[in-house]
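Q: Quick note, the sequences are listed as chains E and W, same order.
The opening residue of the first sequence carries number 1 in the numbering used here; numbering runs sequentially from there.
The opening residue of the second sequence carries number 1001 in the numbering used here; numbering runs sequentially from there.
To be clear, the hints were calculated from the coordinates, so they are not data collected in a lab.
Certain hints may be false.
Claimed, not checked - Here are the simulated lysine to aspartate or glutamate pairs, DMTMM-like style, with alpha carbons at most 25 Å apart:
1) E:Lys-69 to W:Glu-1072
2) W:Lys-1057 to E:Glu-11
3) E:Lys-3 to W:Glu-1102
4) E:Lys-103 to W:Glu-1102
5) W:Lys-1057 to E:Glu-14
6) E:Lys-103 to W:Glu-1072
7) E:Lys-69 to W:Asp-1056
8) E:Lys-69 to W:Asp-1054
9) E:Lys-103 to W:Glu-1014
10) E:Lys-103 to W:Asp-1038
11) E:Lys-103 to W:Asp-1056
12) E:Lys-3 to W:Glu-1027
13) E:Lys-103 to W:Asp-1062
14) W:Lys-1053 to E:Asp-31
15) W:Lys-1011 to E:Asp-31
16) E:Lys-3 to W:Glu-1072
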Amino acid sequence: DAKTTQPNSMESNEEEPVHLPCNHSTISGTDYIHWYRQLPSQGPEYVIHGLTSNVNNRMASLAIAEDRKSSTLILHRATLRDAAVYYCILRDVGNAGGTSYGKLTFGQGTILTVHP
Amino acid sequence: DAGITQSPRHKVTETGTPVTLRCHQTENHRYMYWYRQDPGHGLRLIHYSYGVKDTDKGEVSDGYSVSRSKTEDFLLTLESATSSQTSVYFCAISESGRMNTEAFFGQGTRLTVV
């Protein structure tokens, strides 16, 4: 499985932009880059995903390097509610008798602290 | 929010007893997953299902079994609970197994085996 590397922790101030980096140098041509976050005492929450082009949604933006070996999750204005563990994941399609099951393999993630 | 309910939310059980955790969804999604989360290990896949009565093992399946008799329910059973199975268990659902679809997670079940 292709792996991702993220910083263990990052800090930001409220209402400032946050750029969360992720390296995935062994990414394959068909791997999608997914980001999830996990707030304290909750289950992971989907944030965004992309393949090659930059993506935007109501929660964040995803910037993908041209060679796809790295990506950056951008929170445009951090709030206290954004304090969470952020996971960068390459969605892997395993096969069981020919049936893909879309396994999500989680790493350690980045702990984001947001200061008031 | 995706309609996923895990029950119970908290449970304390004794070593050697069987335990069943339930995941119920109202989204009619085909794929369902069970993960466990432990400090220092992140989330690890235990078992998954790609349809009614279609299940398979994940990376940490020893000591666990699953069943899916209806689309909406995915049960995780610890056949004989051990202290090493003390963990937080998360259920997830996904409409398909394709790489461009997202997964939705439940709130988790905190299981303590004493």
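Q: Regarding the pair W:Lys-1057 and E:Glu-11, is the alpha-carbon distance no greater than 25 Å?
A: 38 Å, violated
Q: For the pair supplied as a hint, E:Lys-69 and W:Asp-1054, is the alpha-carbon distance within the 25 Å limit?
A: 35 Å, violated
Q: Take a quick look at whether E:Lys-3 and W:Glu-1072 sit within 25 Å of each other, Cα to Cα.
A: 32 Å, violated
Q: Is E:Lys-3 close enough to W:Glu-1027, meaning Cα to Cα at most 25 Å?
A: 30 Å, violated
Q: Is the hinted pair W:Lys-1053 and E:Asp-31 satisfied, with a Cα-Cα distance of at most 25 Å?
A: 28 Å, violated
Q: Is the Cα-Cα distance between W:Lys-1011 and E:Asp-31 25 Å or less?
A: Given pair W:Lys-1011, E:Asp-31 is violated - Cα atoms ~37 Å apart, limit 25 Å.
Q: Is the straight-line distance between the alpha-carbon of E:Lys-103 and that of W:Asp-1038 25 Å or less?
A: Measuring from Cα to Cα gives roughly 18 Å; hence the hint holds.
Q: Quick one, are E:Lys-103 and W:Asp-1062 close enough, alpha carbons at most 25 Å?
A: 18 Å, holds
Q: With a cut-off of 25 Å on the C-alpha distance, tell me whether E:Lys-103 and W:Glu-1072 pass.
A: 19 Å, holds
Q: So if I understand the rule, the pair passes when the alpha-carbon distance is 25 Å or less; does E:Lys-103 with W:Glu-1014 pass?
A: Cα-Cα ~31 Å, so violated.
Q: Does E:Lys-3 pair with W:Glu-1102 here, judged by a C-alpha cut-off of 25 Å?
A: 19 Å, holds
Q: W:Lys-1057 and E:Glu-14: Cα distance at most 25 Å?
A: 42 Å, violated
When each numbered hint is compared with the structure, violations occur for hints 1, 2, 5, 7, 8, 9, 12, 14, 15 and 16.
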